[in-house]
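Participant: With the hints as constraints, model all of the structure from the sequences given.
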Amino acid sequence: MPETYHYIKVRNGDSVAIQGIPVIPYREFFSEALFLLKAGERHCAAYYAYPDEKGLHFIMVIADDASHELLLMSHKMSHDAPKELESLTLQIFALHIFEREIYENFGIVFLNHPWLKPVRYAFNRYHQEQKLQDYPFYTIKSEELHEVGVGPVHAGIIEPGHFRFICNGEMVLHLEIQLGWQHRGVEQLLLDKKTMLQRNLLAENIAGDTAIGHSLAFAQLMETLTGTEVSEQLQLERAIALELERIAIHTGDISALCVDVAYHLGANVFGILRTGIINFMQSWCGNRLGKSMIRVGGTNAPLTAALRDNLIKILEDFEKHFVEMVHVTYRLPSVQNRFDFAGKITEHQARLVGTVGPSARMINVPRDIRVSHPFAGFQRFPIEMDLREKGDVFSRFLLKRKEIALSIAWIRKVLEEFPFDFSNSEKPSENPSLKANRFSVSLTEGWRGEICHCAVTDDHGGLKHYKVKDPSMHNWKILELSLRDLEISDFPINNKSYNLSYCGHDL
Amino acid sequence: MFEEVKVIAHNGKQYITDLRKAVVPAPFRGRPVITTASADEARIAAVCPLGAITTAPLCIDLGKCAFCGECANAFPEKIHFTNDHKLATNVREHLLVKEGDDRAVTIDQHQIRAEVKATFGRSLKLRQVSAGGDNSCEWELGACGNANFDMGRYGIEFVASPRHADGIVLTGPLTVNMAHALKTTWNAIPEPKIFILCGVDAISGGIFADSKAINRSFLNEIHVDLYIPGNPSHPLTIINGILELTRG
Chain A
1 MPETYHYIKV
11 RNGDSVAIQG
21 IPVIPYREFF
31 SEALFLLKAG
41 ERHCAAYYAY
51 PDEKGLHFIM
61 VIADDASHEL
71 LLMSHKMSHD
81 APKELESLTL
91 QIFALHIFER
101 EIYENFGIVF
111 LNHPWLKPVR
121 YAFNRYHQEQ
131 KLQDYPFYTI
141 KSEELHEVGV
151 GPVHAGIIEP
161 GHFRFICNGE
171 MVLHLEIQLG
181 WQHRGVEQLL
191 LDKKTMLQRN
201 LLAENIAGDT
211 AIGHSLAFAQ
221 LMETLTGTEV
231 SEQLQLERAI
241 ALELERIAIH
251 TGDISALCVD
261 VAYHLGANVF
271 GILRTGIINF
281 MQSWCGNRLG
291 KSMIRVGGTN
301 APLTAALRDN
311 LIKILEDFEK
321 HFVEMVHVTY
331 RLPSVQNRFD
341 FAGKITEHQA
351 RLVGTVGPSA
361 RMINVPRDIR
371 VSHPFAGFQR
381 FPIEMDLREK
391 GDVFSRFLLK
401 RKEIALSIAW
411 IRKVLEEFPF
421 DFSNSEKPSE
431 NPSLKANRFS
441 VSLTEGWRGE
451 ICHCAVTDDH
461 GGLKHYKVKD
471 PSMHNWKILE
481 LSLRDLEISD
491 FPINNKSYNL
501 SYCGHDL
Chain B
1 MFEEVKVIAH
11 NGKQYITDLR
21 KAVVPAPFRG
31 RPVITTASAD
41 EARIAAVCPL
51 GAITTAPLCI
61 DLGKCAFCGE
71 CANAFPEKIH
81 FTNDHKLATN
91 VREHLLVKEG
101 DDRAVTIDQH
111 QIRAEVKATF
121 GRSLKLRQVS
131 AGGDNSCEWE
141 LGACGNANFD
151 MGRYGIEFVA
161 SPRHADGIVL
171 TGPLTVNMAH
181 ALKTTWNAIP
191 EPKIFILCGV
201 DAISGGIFAD
211 SKAINRSFLN
221 EIHVDLYIPG
231 NPSHPLTIIN
241 GILELTRG
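Protein sequence lines, in the order shown, are assigned to chains A and B.
Counting from 1, one number per residue, gives the positions in the first sequence under the working numbering.
Counting from 1, one number per residue, gives the positions in the second sequence under the working numbering.
Bear in mind the hints are in silico, worked out from the structure with no lab data behind them.
Small disclaimer: the values here were computed from a predicted structure and weren't measured.
Even glycine gets a Cβ: it sits at the ideal position worked out from N, Cα and C.
Partial chain A-side listing against chain B, Cβ under 8 Å, derived:
| id | residue |
| --- | --- |
| 1 | H183 |
| 2 | R184 |
| 3 | N205 |
Facilitator: Structure, rendered in C-alpha cells:
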C-alpha cells in the first residue's frame with residue numbers, strides 16, 4: 001500500500017492497522033480535504049468521529065472514482081481541547097451533514113457552519129437539552145409567504161419525517177426536511193450485541209428495503225476483519241441478490257410514480273411485476289425482502305440449479321411485460337406532462353450537495369460503487385453505468401427503467417457464463433474472532449446508491465466502533481432543492497422519484 | 001388505448017381468488033413446530049439472536065421471533081418452520097409455540113370487544129404509523145392493497161387522516177422520537193377504534209428491544225386488538241388476521 005504523509009490509500013473492503021491511518025493536525029487535514037475534494041472524481045464517502053482513550057479520533061474516507069482507491073485520513077482532538085473546529089462546509093458543501101452529525105454526537109462546534117443543527121436527535125446526543133420538537137427551522141419573515149408543515153405521520157404508508165415548506169402562493173420557495181423520528185440506536189446496538197448473528201440481523205434491519213445492500217456491506221466488512229475468504233461463486237450469488245433488490249424496488253418506485261400521476265394501469269402492472277421478483281427472493285431464501293440471505297462467511301440459502309432455471313424464466317417473463325408497460329407509460333401525454341421538467345436540478349447542484357447513486361446518475365454525475373470500487377462479483381463481471389442529463393422526474397424514471405434492464409442483462413450474463421457448482425456451498429462461520437486494532441471500510445452500491453460501513457476494533461478484537469452510512473445521508477438535500485420554484489402539489493412525485501430512506505438516515 | 005387493452009390482456013388475471021385459502025410455498029417460514037425429540041435445550045435457546053426461545057419446556061415466542069430460521073438450520077431434527085402463514089392473534093399468549101404443539105395460531109372470538117365486529121365487520125379504514133419501522137412491514141402493508149392481494153375488496157383500506165380512520169396499524173419498535181406523534185394520532189381517531197401491532201419490532205421491540213432509543217410505555221396504556229408476527233409480516237398473514245378479527 002503506497003503511503004503519503006497525509007493519507008493512506010486502500011481498496012474497497014481492505015483493512016488496515018488503525019495506527020496506519022495518518023493522524024495530522026487539523027489545519028493540514030483542512031487544506032488536504034479541500035484540495036482532494038475539489039476534484040470532481042472524488043467525494044467524501046464517510047467523515048465521522050469516535051471516542052478513543054485520549055479524546056476523539058476523526059476519520060475521513062474519500063472515494064477516488066478515477067484511481068479506484070479509498071483515501072483515509074484522520075485528525076484527533078484531546079479531551080481537554082476546546083470543542084471547536086473550522087468548518088469545511090462553506091467550501092465543500094457536501095460535508096454539511098457529516099459535520100452536523102459530529103456536532104450532534106460530540107458537541108464539536110464547527111465554526112462558520114451555515115446550518116449547524118442536530119441531524120437525528122440521537123438518544124446519546126451530546127446536548128440532551130436539544131429537543132426534537134424544538135427543531136430550529138429556517139424561516140423567512142414576509143407578509144406574502146406562508147408555511148406548510150407535513151408530518152411526521154404522513155398521508156399513506158410511509159415512514160415518518162417532517163417537511164416544512166415555505167410557499168409563495170402555490171409555489172415552493174424553500175423546503176426543509178427534519179428527520180430523526182426513526183432513530184433506533186442501531187450503531188450503539190451493533191456494539192452492544194455480541195454475537196455475529198445478532199449484528200448480522202441488525203444490519204439487515206437498518207433499512208428493510210435495502211436488506212441485501214446493507215447486510216452485504218456488513219458481511220464484507222466482517223469477512224475482512226476476521227480474515228474469512230468466501231468463494232467467487234458466493235460473491236456472485238450475493239451480487240445477483242443485490243441486483244434483484246434493485247430491480248424490485250425500482251419497479252415499485254415506477255409503480256408509485258404512476259400512482260401519483262393517477263395512471264392506474266401503470267401503477268397496477270408495475271406493482272404485480274415487482275411481486276414476481278420478490279416472490280422469487282422468497283423461493284430462494286424464505287423472505288420476500290431477502291432477509292436471512294446474507295450471512296458472514298457463507299449462506300444458508302445457496303443458489304440451486306432449479307432456482308437458476310426458474311430465475312432465467314422469471315426474468316424473461318418480467319422483461320417482456322415490463323418493456324411493454326413502460327413503452328405505453330412514457331409515451332402517454334398525461335404522464336409526460338407531469339414528469340417532464342418537474343423537480344429539475346442541475347449538475348452543479350448535484351455535485352455541490354454530494355449526491356450518490358441514481359440521484360447523481362440522473363444528472364450526469366457518474367457515481368456507482370459497482371463501477372468505481374467494484375465488490376462481490378462486479379470485478380469479474382463489470383456492469384454498465386447509465387447516465388441521464390436532464391435531472392427531472394422524467395430522468396429519474398428513465399434511469400430506473402434503464403437500470404432495471406442493465407441489471408437483468410448482468411444477471412443473465414453471470415448465470416450463463418459462470419460455471420456454478422451447485423453441489424458446493426459454504427456455511428456461515430460461527431462467531432469468528434476479529435483482528436485486533438484494525439480499521440476496515442466496506443462499500444456497496446444499493447439501489448439508492450453508495451452504502452458505507454466502517455469498523456474499528458480494540459486491543460482484544462472487540463468492536464470498538466461501527467459506522468453506518470446510508471446513501472440517503474447524502475441525498476435528502478437534493479430533494480429539498482428539487483422542490484424550489486415548483487408547485488407544492490408536485491411534492492409527491494418528486495419524493496417518490498428519489499424514494500430516500502428515513503430509517504437508513506436516522507439509524 | 002388499444003395498446004393498454006393489450007397490456008391488460010397480456011397480464012391476465014393477477015388477483016388471488018381466495019385469500020383465506022391461499023398457500024405460500026416453502027421455503028417460506030411460517031409457524032414453527034418443535035418436535036419432542038430429545039435435545040440440549042440450553043444450546044437451542046442460545047442460538048436465537050432475539051432471545052425468542054425459552055426452555056423447560058422449549059418454547060418459541062412468535063412475538064419475539066424474526067423468522068430468520070437459524071434455530072431450524074442448527075437443529076433441524078428439533079425445530080422446523082411450516083408454511084402456515086396464519087399467525088395473527090388477539091391474545092399475546094397464543095404466540096407461544098411450545099414443544100410438541102402443532103396447531104394453528106387462533107383468534108379467541110370471545111375476547112374480541114363487541115363493537116369491533118359490529119362496527120368494522122364490513123368496512124375498516126386504518127391509519128398506519130411507522131415508529132422506527134425499517135420499511136419492510138410498511139412495504140408489505142402497502143402490498144396488501146396491490147392487484148395481487150387486493151385487500152380493498154373487503155372494504156379494508158389505509159386512509160390519509162386519523163379523522164377518517166377506525167384504528168392504527170403500528171410498525172416499528174416505537175422510538176422515543178415517535179412516542180408523542182403516535183399518541184397524538186391515536187387520540188385523533190374517533191371511538192370505537194382498534195389497535196394493531198404489525199411485525200416483530202412492533203410486538204416486542206424485536207432486535208431493538210434493549211435500545212435506549214425505544215420507548216414502549218404507550219403500549220401499556222392501550223388495548224392491543226391484534227398481533228401480527230413476521231419480519232416483515234406477509235400480506236396474507238396481515239389480511240387473514242384482520243379478516244378473522246373483524247368478521248371471523
